[in-house]
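All chains should be modelled from the sequences, with the hints used to inform the complete structure.
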Amino acid sequence: MNIDLTDTTSSQINSALVKARRAAGSPAVGMVLTLVIVTDEGNHYDALRSASQASQEHPSRILVVIKRPGRSPRDRKLARLDAEVRVGGETGTSETVLLRLHGELANHAHSVVLPLLLPDTPVVVWWPEDAPAHPNEDLLGRLAARRITDASATEDPVSTLALRAETYAPGDTDLAWTRITPWRSVLAAALDQRHAPVESAVVEGEAYNPSSELLALWLAERLRVPVARKVSAGPGLTAVRLSTGEGEVVLHRSDGSLASLSVPGQPDRHVALQRRETSELIAEELRRLDPDEAYAATVRFGAGRLGKQTIQPDERQNGSGSGPATGAPAAGRAPRTPEAEAEAAAPPRPAPPRTGPSGSPGGGAAGTPAPGPSASPGGKGESSPAPGPRQLEAARHRIPGADGGGRNTGGGSAS
Amino acid sequence: MSSSNPLRDASDRRLPRIAGPSGLVIFGVTGDLSRKKLMPAVYDLANRGLLPPGFSLVGFARRDWEDQDFCQVVHDAVKENARTPFREEVWQQLSQGFRFVPGTFDDDEAFRKLKSTINELDKARGTGGNFAFYLSVPPKFFPTVVRQLKEHGLSEGEGDSWRRAVIEKPFGHDLKSAQELNSVIHQVFRPADVFRIDHYLGKETVQNILALRFANTMFEPIWNRSYVDHVQITMAEDIGIGGRAGYYDGIGAARDVIQNHLLQLLALTAMEEPSSFDAKALVTEKLKVLKAVQLPGDLGRHTVRGQYTHGWQGGEEVLGYCEEEGISSDSRTDTYAAIKLSVDNRRWAGVPFYLRTGKRLGRRVTEIAVVFQRAPYSPFDTTDTQELGQNALVVRVQPDEGVTIRFGSKVPGTSMEIRDVTMDFAYGESFTTSSPEAYERLLLDVLLGDANLFPRHQEVEESWRILDPVEEYWDTHGKPEEYTAGTWGPRAADEMLARDGRSWRRP
Numbered sequence: 001m002n003i004d005l006t007d008t009t010s011s012q013i014n015s016a017l018v019k020a021r022r023a024a025g026s027p028a029v030g031m032v033l034t035l036v037i038v039t040d041e042g043n044h045y046d047a048l049r050s051a052s053q054a055s056q057e058h059p060s061r062i063l064v065v066i067k068r069p070g071r072s073p074r075d076r077k078l079a080r081l082d083a084e085v086r087v088g089g090e091t092g093t094s095e096t097v098l099l100r101l102h103g104e105l106a107n108h109a110h111s112v113v114l115p116l117l118l119p120d121t122p123v124v125v126w127w128p129e130d131a132p133a134h135p136n137e138d139l140l141g142r143l144a145a146r147r148i149t150d151a152s153a154t155e156d157p158v159s160t161l162a163l164r165a166e167t168y169a170p171g172d173t174d175l176a177w178t179r180i181t182p183w184r185s186v187l188a189a190a191l192d193q194r195h196a197p198v199e200s201a202v203v204e205g206e207a208y209n210p211s212s213e214l215l216a217l218w219l220a221e222r223l224r225v226p227v228a229r230k231v232s233a234g235p236g237l238t239a240v241r242l243s244t245g246e247g248e249v250v251l252h253r254s255d256g257s258l259a260s261l262s263v264p265g266q267p268d269r270h271v272a273l274q275r276r277e278t279s280e281l282i283a284e285e286l287r288r289l290d291p292d293e294a295y296a297a298t299v300r301f302g303a304g305r306l307g308k309q310t311i312q313p314d315e316r317q318n319g320s321g322s323g324p325a326t327g328a329p330a331a332g333r334a335p336r337t338p339e340a341e342a343e344a345a346a347p348p349r350p351a352p353p354r355t356g357p358s359g360s361p362g363g364g365a366a367g368t369p370a371p372g373p374s375a376s377p378g379g380k381g382e383s384s385p386a387p388g389p390r391q392l393e394a395a396r397h398r399i400p401g402a403d404g405g406g407r408n409t410g411g412g413s414a415s
Numbered sequence: 001m002s003s004s005n006p007l008r009d010a011s012d013r014r015l016p017r018i019a020g021p022s023g024l025v026i027f028g029v030t031g032d033l034s035r036k037k038l039m040p041a042v043y044d045l046a047n048r049g050l051l052p053p054g055f056s057l058v059g060f061a062r063r064d065w066e067d068q069d070f071c072q073v074v075h076d077a078v079k080e081n082a083r084t085p086f087r088e089e090v091w092q093q094l095s096q097g098f099r100f101v102p103g104t105f106d107d108d109e110a111f112r113k114l115k116s117t118i119n120e121l122d123k124a125r126g127t128g129g130n131f132a133f134y135l136s137v138p139p140k141f142f143p144t145v146v147r148q149l150k151e152h153g154l155s156e157g158e159g160d161s162w163r164r165a166v167i168e169k170p171f172g173h174d175l176k177s178a179q180e181l182n183s184v185i186h187q188v189f190r191p192a193d194v195f196r197i198d199h200y201l202g203k204e205t206v207q208n209i210l211a212l213r214f215a216n217t218m219f220e221p222i223w224n225r226s227y228v229d230h231v232q233i234t235m236a237e238d239i240g241i242g243g244r245a246g247y248y249d250g251i252g253a254a255r256d257v258i259q260n261h262l263l264q265l266l267a268l269t270a271m272e273e274p275s276s277f278d279a280k281a282l283v284t285e286k287l288k289v290l291k292a293v294q295l296p297g298d299l300g301r302h303t304v305r306g307q308y309t310h311g312w313q314g315g316e317e318v319l320g321y322c323e324e325e326g327i328s329s330d331s332r333t334d335t336y337a338a339i340k341l342s343v344d345n346r347r348w349a350g351v352p353f354y355l356r357t358g359k360r361l362g363r364r365v366t367e368i369a370v371v372f373q374r375a376p377y378s379p380f381d382t383t384d385t386q387e388l389g390q391n392a393l394v395v396r397v398q399p400d401e402g403v404t405i406r407f408g409s410k411v412p413g414t415s416m417e418i419r420d421v422t423m424d425f426a427y428g429e430s431f432t433t434s435s436p437e438a439y440e441r442l443l444l445d446v447l448l449g450d451a452n453l454f455p456r457h458q459e460v461e462e463s464w465r466i467l468d469p470v471e472e473y474w475d476t477h478g479k480p481e482e483y484t485a486g487t488w489g490p491r492a493a494d495e496m497l498a499r500d501g502r503s504w505r506r507p
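If you read the sequences in order, they're chains W and E.
Going by the UniProt record's numbering, the first sequence opens with residue 1, and the numbers climb by one from there.
Going by the UniProt record's numbering, the second sequence opens with residue 1, and the numbers climb by one from there.
Keep in mind that the hints were calculated from the coordinates and are not lab data.
Be aware that a few hints might be false.
To be verified - Derived DEER-like restraints, expressed as beta-carbon distance ranges:
no., chain 1, residue 1, chain 2, residue 2, range
1, E, Q294, W, V18, 50 to 58 Å
2, E, D108, W, P267, 25 to 33 Å
3, W, E246, E, P85, 36 to 44 Å
4, E, K479, W, V18, 55 to 63 Å
5, W, A196, E, E80, 40 to 48 Å
As the list claims (entries may be wrong) - To spell it out: a stretch of chain E is covered by chain W in this simulated footprint if at least three of its residues, at any positions, have a beta carbon under 8 Å from a beta carbon of chain W; those stretches are:
no., region
6, 10 to 22
7, 47 to 58
8, 125 to 139
To be verified - Some chain W residues close to chain E (C-beta under 8 Å, calculated; not the full set):
no., residue
9, P182
10, A189
11, R222
12, V271
13, E293
Note that CB positions come from ideal geometry on N, CA and C, so glycine has one too.
In structure tokens:
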């Protein structure tokens, strides 16, 4: 059932939703969350399609906020809300409302969204492309328990990541991080078996892939070893090599779907490592709505280290990760504080905002050059070389619009 | 070992549990269960990325097959029955680890071949000597198979590798046979390495009973004799015995269903809070409550068995039990069984638990209904509350998994009239439309060595202790009462509850 409402208000939309549900025989409301998608006219179709697929796993009320601020000063002064309510049929048990915010109203999206949230259930906000600099301070972001951004859909993924690191608040998460879950789980499973300590690591992937940055940071943070990055032709991530005393543990994927895992002393094995659709990424995001502490630790660890070719674990930065620095390039994590251990052992609970032991995450900005390919050549006191010339070269040639507005509009932008 | 893995962190909850290097050997791989449930479950696990790289599957059966023939069989089974979409690259990497060993269970040569296959897999696929043996065979073959496994040195892994045995019901047909079976298996495998599959326990809704009870505050305070009037646990099937005549005749509904599924559901419904959610703590509480279960004094009045006769079910004409192929016309096997149990502890004293199961009943449904007492005092006139029944909380196990709460509500209008309404939580609606199959969860747990959802041998034996006297009584007293196929069981079952002033829910 589709209901079109022109020049409407939130309360009219609410009554349309109730009416549509009555028409369907008032079935039990099984929706578990409200998903707010903040996007524009050009991108809403793909985003909504992914969200609708994900809602088969997590039935939700999907509110698509389409901002149309208008071009002329006259348009911008206008304020009009148009809505399209979709219930039943293809949407399954979910409800979808497309909200078109014209003119001045585009700046007041939260006033439209607030009355439409499902009572007493979590709210998730997803910015498929450009997200606000401080998702947590955004008026819409503030309503949400979970704020999903996507660094890979931005002009400059690496500096976007750096910004995410600076402005991280519990509940933030990025699809670039979601994309590497399969890689992380295979690598973790490989190290579940007995192995010699890892001494260093290499992550290979496409240029401009924030996922390879995050994977490298995660390895460096967890293993406390230097992690180098290499640019390859892709697609996405192509290989991770962990050097141990006994040889290399290699997870290699050249075709974006089937990977091979080699572990010293064991036969090579194939692992299915499919690049996933955006809908699967969103479904994974919606599975847990508590703050992702592993992401927090990784992205904070990245502050100041992003964009460098080799990530050194022992460079101390403000607000980066937990535990004292250990220069030893050995496996075995740096000893954690007893509090941290206790916290890790405690049952899941909503974590308080956790800042690094040595300062707030934002505090790192003073001593940290704005990371990213364009700024890092000036990285202070770093022994490691600046980002590869290829990266910089490519950065200059990456002109907005050349590849569809520099944005990833498709659904298949997996790692 | 994961505690020493620097890449694992308790707060990193995205990383799924992946089983370590391992393989699965299925005896009786040509059977129905194997094709319809096990093979698809293996594929679905692989597709979800939960199987270790190099996972291997070995089929053992009396067929003249090569590895590729076996591959084809699994391929067809997966295509037909898997829950997740078929992906060629997943299939490719999975099928490289498929092997087939032809032979009978007393064939030493076949077991030698099995051993060399396992060794070859350790080398080629890196399975690390970790194997689970799934005995998807009739229980009479268990002794032969486990003895052969022991004789050929397959029942124990080298070093810290593991070997596990997985067995399916029936776990015996009475206490004595169950104990014999357990001793046969425990001679070869340690009790902790034996996994008894009760696929009901792998169902999301059954696990949800524990979540409902122990993660919430609003149910537990009324979950006792002060508020609960009685509990009804039903497992009804609309099918007949199908092709299982050989197995079913002489066993009957009570042994087939009550002993395992229904008593497990009873245990989960009635047990106290476990001190933690690990296998040991769970089994302790389940055992405790099973030990507190008592049969009624007069078995004749508080148990009923029945047998379906020719009738119409859902628009189809169906045969009576004694007319089914392979059943003698004077069979006394029960196809319906209902018993009243009490749980003698402080929480449940005086609250009857009614268990019923049957074939060819009205429809297929499994549910647990906790029926509450009427309000001790009602300010409303009796005419106002004429249509008000008892409050009830119903856990629907299958199909249409979910929870229903029934309570009274005023009918709109000028007069005060109160009627029952229901409030519904549909599992499939609020969460994934495709929740994992029970076998996926259980197979993964076997490979991980997680025994939470598997009944232990003490529970099996305790269940037989409860059921044995009923079966003995039935053997010596009368015969099953007939009921027409497609109805809700024999009249005696209704009378059994009517004597207590209650009635069966129509599920």
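Results of checking the hints against the structure:
no.	hint	result
1	Q294(E) <-> V18(W): 50 to 58 Å	holds, 52 Å
2	D108(E) <-> P267(W): 25 to 33 Å	holds, 29 Å
3	E246(W) <-> P85(E): 36 to 44 Å	holds, 38 Å
4	K479(E) <-> V18(W): 55 to 63 Å	holds, 58 Å
5	A196(W) <-> E80(E): 40 to 48 Å	holds, 45 Å
6	10 to 22	holds (count 10)
7	47 to 58	holds (count 5)
8	125 to 139	holds (count 3)
9	P182	holds, 6 Å
10	A189	holds, 4 Å
11	R222	holds, 5 Å
12	V271	holds, 5 Å
13	E293	holds, 4 Å
Against the hints set out earlier in the document, no violation occurs for any number.
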